Amino acid sequence: MHQSINNDFLQKAIGTPVRRLDALDKASGRAKYIADMKFDGLLYARMIRSSRARARLLHVAVPALPEGYYYISSNDIPEGGENRLYMITNDWRVFAEDTVRYIGETIGLLVGPDRNVLRDLEREIKISYEDLEPAFTIDEGLAVKGGPIHGEDNIFAEYNLKKGDPDSIFSGSYRIVEDEILTGFQEHAYMEPQGMVGEYKNGKYVITASCQCPYYMRKAVAGILAVDQEDIVVSQAITGGAFGGKEHFPDVIAGPLVVAVHVIRKPVQIVFDRHEDISFTAKRHPSRTRFRTAIDENNRIVGMDIDIAINGGGYQSCSHIVLQRAMFSVNSVYDLPNIRIRGRAVATNTFPSDAFRGFGAPQGIFACEMHMSHLARALEMDDAEFKQQYFVQTGGTTVTNGMIHEEVKLPEMLEKVLESSGYIEKNRLYAGEGAAKAVGISFYNHGGGFTGDGEKEIIKARVRVSRDQNHKVTIYVSNVEMGQGFQTTACKVAAKVLGIPLQDVFFQNPDTSVVPNSGPTVASRSMMIVGKLVERAARQLKNSWNDQGAVDAEEDYVQPPGIEWNSTTFQGDAYPAFGWGICAVEVAVDPATAEVETKGIWTVHDIGVPIDDLIVHGQVHGGVIQALGYGSLEKLEVKNGAFLQNTFADYIIPTTMDFPAVESDLVENPYEYGPFGAKGMGELVFDGAAAAYAAAVQKAVDRDICSIPVNPELIMKLRQA
Amino acid sequence: MAVSYVPATFEEAVRIRRETGAVPVAGGTDLMVRYRSPAGTLPDFPWPVMFISGLKEMKGLFLEGAELVIKAGTELAVIEHSEIVHPVLREAVRQMAAPALRNLGTLSGNICNASPAGDAVCVLYALGAEVELTSSSRMRRMPIEHFITGPGRTVLKDDELMTAVRIPLHSDSASFYRKVGTRKANALSKLSCTGFITVTENRIVDMRLALGAVGPMVVRSAELESQCIGMDLNQFSNFKPDLRKQYAELVTPIDDQRSTAEYRKETTLNLIDEFFMLIEKELS
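Protein sequence lines correspond, in order, to chains D and F.
According to the numbering used here, the first sequence holds residues 18 to 738 in order.
According to the numbering used here, the second sequence holds residues 14 to 297 in order.
Any given hint could turn out to be false.
Said to hold, decoys possible - Straight-line Cα separation of at most 27 angstroms, BS3-like style, residue types lysine-lysine; simulated pairs:
| # | chain 1 | residue 1 | chain 2 | residue 2 |
| --- | --- | --- | --- | --- |
| 1 | F | Lys72 | D | Lys734 |
| 2 | F | Lys278 | D | Lys656 |
| 3 | F | Lys258 | D | Lys454 |
| 4 | F | Lys197 | D | Lys734 |
| 5 | D | Lys426 | D | Lys29 |
| 6 | D | Lys454 | F | Lys197 |
| 7 | D | Lys221 | D | Lys283 |
| 8 | D | Lys443 | F | Lys197 |
| 9 | D | Lys559 | D | Lys477 |
| 10 | D | Lys616 | F | Lys197 |
| 11 | F | Lys258 | D | Lys734 |
| 12 | D | Lys221 | D | Lys477 |
Because the hints were derived from the structure by calculation, they are not lab data.
None of the values given here were measured: they were computed from a predicted structure.
Extracted from the complex, chain D is given alone in its bound form (with noise of 0.2 angstroms):
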């Protein structure tokens, strides 16, 4: 099966594309997801949910049950366990008790051999509540409406940071400009929604699931039951696909799945429908960011201070964790003086906000991009040539007062970027027609793996590498391929050092009782961080390759010498090494209907060194388009606490025929702790494209863009202002 694959990397550039190890599989529908997995005597389950935001939980009549029908609730968690998940946080319940956060909330499961039996079985439930008063936004959740929902003030986590002396900026002597940036909720749609099965195997619990964390999912479980975390196995199933939705919404699932198997002991799946999916999973989390910003007379920004909120929903699940990333990137690429910046997350009643591609970074550099080009057009100025101006350089300090240790290419970059798109001369033209037509420019970077020290302190990841006698080798870490590449860039990482064809290679989904803990699939960190471990491991093996038997090496992640962080003060290198990007978006604005043609895309990143080129174009083509759905189409409110965008019908992400092909360009800059050079991406490629097309807009139509989606609805409100 892998006779055609291409090992000219050995002998060429690492990057030398190869077919995808999981390309045939895949493409020819041979590939089994969770839904199409066999087991014997499966049990199906539904999960019985909150229909109101906020209320008092009163009671739960649930029907006489035919025999082999099951109810599960908290009543059912044995002695000894807990009614939560140790998720990053652990303050979300397995089931609701007394009192119910969101719509959607677990409250039970109904489990039993045929679907349509437990169908009908679920509408003669009844339950009833009391309502209570509920807080759907930032505002709500910040003015406490209805009472707390988190602590005294519903507030998750509160930051603040400090660059400079920021107090000294508001003097009375500088302009001000204020600014407030919006950026909403968005849906993952990764391809196959949440799935998974749980059985009771040998004494273990084992869980097959469509994820990202298979370790974090072991240790969010193992306390409710009240077992060890060895005795819960998690194997991943083939993912098709994830984007941070399946990073640790999966524990809420697998919670209540646990307890059922420990009741039942027979093997039970839960899988959503699409609409279940869209409407009772976790999102992006909105934002609002406000800006007051110091200028000088000679136009040059003196300060600026920042107040950053995001709504976290519910339960808090990594809400703090994704605002420092917003924090931490709510300056781009920029080196500005005396900075102050607040972040808050607070609680409200909509579903729990979680993790997606970007992690807080989209919205952070989002506002500040757009907030610049505000401040470019208040001082009458292009955003490239009044952007440019504050450009990091190696050694500048970064929001946390850490150092820029990499050079940065950005003016390079801008070069390449400025020439493919055509950006001047075309501005220039369209401005002068007074045609509804403008090209727009983003300005984003992306610090690889966790924040700070957490690779050191928290994840403290261990890969193993293995050759068996015949000389075919096995890496094993507990990262997942999810449809970014990952297993095949890994194995050519192995190879490539080894010396072997890449059909000698073998990486499987990882289980917990096989693989160590390298750590999540997740913070762009898989090749950046676990990659460099198999390179060593790889160099380990190499050195005992014509032993006898099996050989293993294992590798434990050290941190890069230099990288100085204060986890408390949040003070230092919050990142070893960073992605940079810059994206150029072409528009045409519908007169009539305020419809927008996009002409091209052009981008250029900086991702050290690319382990396969076609990999790395289709992440960056993927998380581009990503990026202008939810710039421009994806918009998902909140009606009554519940979304109301709940189908692809009206739930609107980008088809081909939205867009034009990505003009992709890289320019190498190796990283000498990542392997062959190679840096984080993942995210990256996500974070700037929404900005470009709003200031390509922005300019088109000559208003300033504060929010997203830029939808037609927007504009036509703009233009009539």
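Please arrange chain F on chain D, whose structure you already have, making use of the hints.
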């Protein structure tokens, strides 16, 4: 669970309809979605259903006298690719949904669905289409605007089947069609606008304008259209502002999950302006 029937012949379909009132399902592209049920369970129809996509007697399209007859079971893809269909109707069909849906869905199903946002329905209003309804005892036909009485409501009787759409052949000097969808492909309408203009010796002999998704039903005004008949360029240009104002009163859209009332109204009026410019071009 709903009872379902699969008639072998058209006569049998008519009989089952009379005896049980079973709702006919052709492509099922609306009904299967509207009455969807969790994976692994049967669709959740609240009434008996009758699957008619296998009935050859109900398929095909052909010219008959001065009419194009599209039989009720004819798939949208067939209409899209047929040269005897008015190009504007073909274009509207081409912009509906995705190829897989057009291979299953039917124009008659779209009409019976009676959504004010049905794109092809808007064109049918402008073309003056009639529908043909058949029961075991009679056959009747009526204009589409009499058939549809409200969102999701029609005058189809419990014992009737829609058997054909009949579209008078129409020759125009110029036509205007614009669908504003939620995206560029596989999109539902935010609004749509269909216009036809026929000019002889620099005077309007026929003008039609139909507006979709701007009210509970497709909007077409015979009264406003007739006021334009006989006008030359000068007369029409003088009348235009008043005409626009009168159309604006008929445009009463709503906010929903796809767009806003404000956007729908403003955009529809902009498209009416574009159509009026086309009329002026034809008159000069």
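Exercise. Provide an ascending list of the numbers of those earlier hints which the structure does not satisfy.
Key: Going through the list in order, the structure violates hints 1 and 3 and respects the others.
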